[in-house]
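Given only the sequences and the hints, what does the whole structure look like? Please build it.
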Amino acid sequence: MKTSDMIRQLCEQMNISVSELARRLGQSPQNFGKKLKRETITLEELKAIAEVMEVKFEQTFILPDGKEIKTGSE
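Reminder that position 62 of the sequence shown reads as 62 in the UniProt record's numbering, one-by-one numbering, no gaps.
Incorrect hints may appear among the rest.
[Stated by the list, open to error] In silico DSS-like pairs for lysine-lysine, Cα to Cα no more than 25 angstroms straight-line:
hint	residue 1	residue 2
1	Lys-34	Lys-47
2	Lys-70	Lys-47
3	Lys-35	Lys-67
4	Lys-70	Lys-2
5	Lys-34	Lys-70
6	Lys-67	Lys-56
7	Lys-37	Lys-47
8	Lys-2	Lys-35
9	Lys-67	Lys-34
10	Lys-35	Lys-47
11	Lys-70	Lys-56
12	Lys-56	Lys-37
13	Lys-47	Lys-67
14	Lys-37	Lys-67
15	Lys-2	Lys-56
[Claimed, not checked] Per label pair, the in silico range of CB-to-CB distance:
hint	residue 1	residue 2	range
16	Thr-40	Gly-66	17 to 27 angstroms
17	Pro-64	Lys-37	14 to 24 angstroms
18	Arg-38	Ser-17	35 to 45 angstroms
19	Val-55	Lys-2	30 to 40 angstroms
20	Gly-26	Gly-66	18 to 28 angstroms
21	Ile-62	Val-18	29 to 39 angstroms
22	Gly-33	Lys-67	31 to 41 angstroms
Calculated directly from the structure, the hints in this document are not laboratory data. Note that this is a predicted model, so its numbers are computed, not measured. Cβ coordinates follow ideal geometry from the N, Cα and C atoms, glycine included.
Written out as structure tokens, the structure is:
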């Protein structure tokens, strides 16, 4: 699943429009929409989305021995 699809699904499940999410992030809906279309959302933006939506975000590398390298936001 593309990052943009995940963000749209999150908005749908949280009953918020993508435009409203953009405003909460301090971005114009037009600019944020272009980022979604181009798939250029940064890791920092994903963390900010999690923060304003009050959800947990995790990104993890799992090594062959089971150790994890994780970044996330709660």
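Going down the list of hints, with the structure as the test:
Simply put, Lys-34 and Lys-47 have alpha-carbon atoms about 19 angstroms apart, close enough for the 25 angstroms limit, and the pair holds. About 13 angstroms separates the Cα atoms of Lys-70 and Lys-47, which keeps this hinted pair within 25 angstroms; it holds. Of the supplied pair hints, the one linking Lys-35 and Lys-67 is violated, its CA atoms being roughly 33 angstroms apart against a limit of 25 angstroms. For the given pair, Lys-70 sits about 20 angstroms from Lys-2 by alpha-carbon distance, which is consistent with the 25 angstroms threshold.
Proposed proximity of Lys-34 and Lys-70 is contradicted: the alpha carbons are some 28 angstroms apart, above 25 angstroms. For the hint pairing Lys-67 with Lys-56, the CA-to-CA distance comes to about 20 angstroms; that is within 25 angstroms, so the pair holds. At roughly 19 angstroms between alpha-carbon atoms, Lys-37 and Lys-47 fall within 25 angstroms of each other, so this suggested pair holds. Between the alpha carbons of Lys-2 and Lys-35 the distance comes to roughly 12 angstroms, so the proposed pair stays at or under 25 angstroms and holds.
A hinted pair counts as satisfied when its Cα atoms are at most 25 angstroms apart, and Lys-67 with Lys-34 does not qualify at roughly 36 angstroms. With a CA separation close to 15 angstroms, the supplied pair Lys-35 and Lys-47 stays within the 25 angstroms bound. With a C-alpha separation of about 13 angstroms, the suggested pairing of Lys-70 with Lys-56 holds against the 25 angstroms cut-off. A threshold of 25 angstroms between alpha carbons decides the hint, and for Lys-56 with Lys-37 the separation of about 23 angstroms falls inside it, so the pair holds.
This hinted pair checks out: Lys-47 and Lys-67 have alpha carbons roughly 22 angstroms apart, not beyond 25 angstroms. At roughly 34 angstroms between alpha-carbon atoms, Lys-37 and Lys-67 are farther apart than 25 angstroms, so this suggested pair is violated. For the proposed pair Lys-2 and Lys-56, the alpha carbon gap of about 18 angstroms is at most 25 angstroms, so the pair holds. At roughly 32 angstroms, the beta-carbon separation of Thr-40 and Gly-66 lies outside the given 17 to 27 angstroms, and the hint is violated.
For Pro-64 and Lys-37, the hinted distance range of 14 to 24 angstroms is not satisfied, since their beta carbons lie about 36 angstroms from each other. Restraint check, Arg-38 to Ser-17: a C-beta distance of roughly 20 angstroms breaks the suggested window 35 to 45 angstroms. Val-55 and Lys-2 have their C-beta atoms about 18 angstroms apart, which leaves the hinted 30 to 40 angstroms range violated. Here the CB-CB span from Gly-26 to Gly-66 is close to 39 angstroms, at odds with the stated 18 to 28 angstroms.
Range check, Ile-62 to Val-18: about 31 angstroms between beta-carbon atoms, so the 29 to 39 angstroms window is met. Taken as a hint, the range 31 to 41 angstroms holds for the pair Gly-33 and Lys-67, whose Cβ atoms sit roughly 38 angstroms apart.
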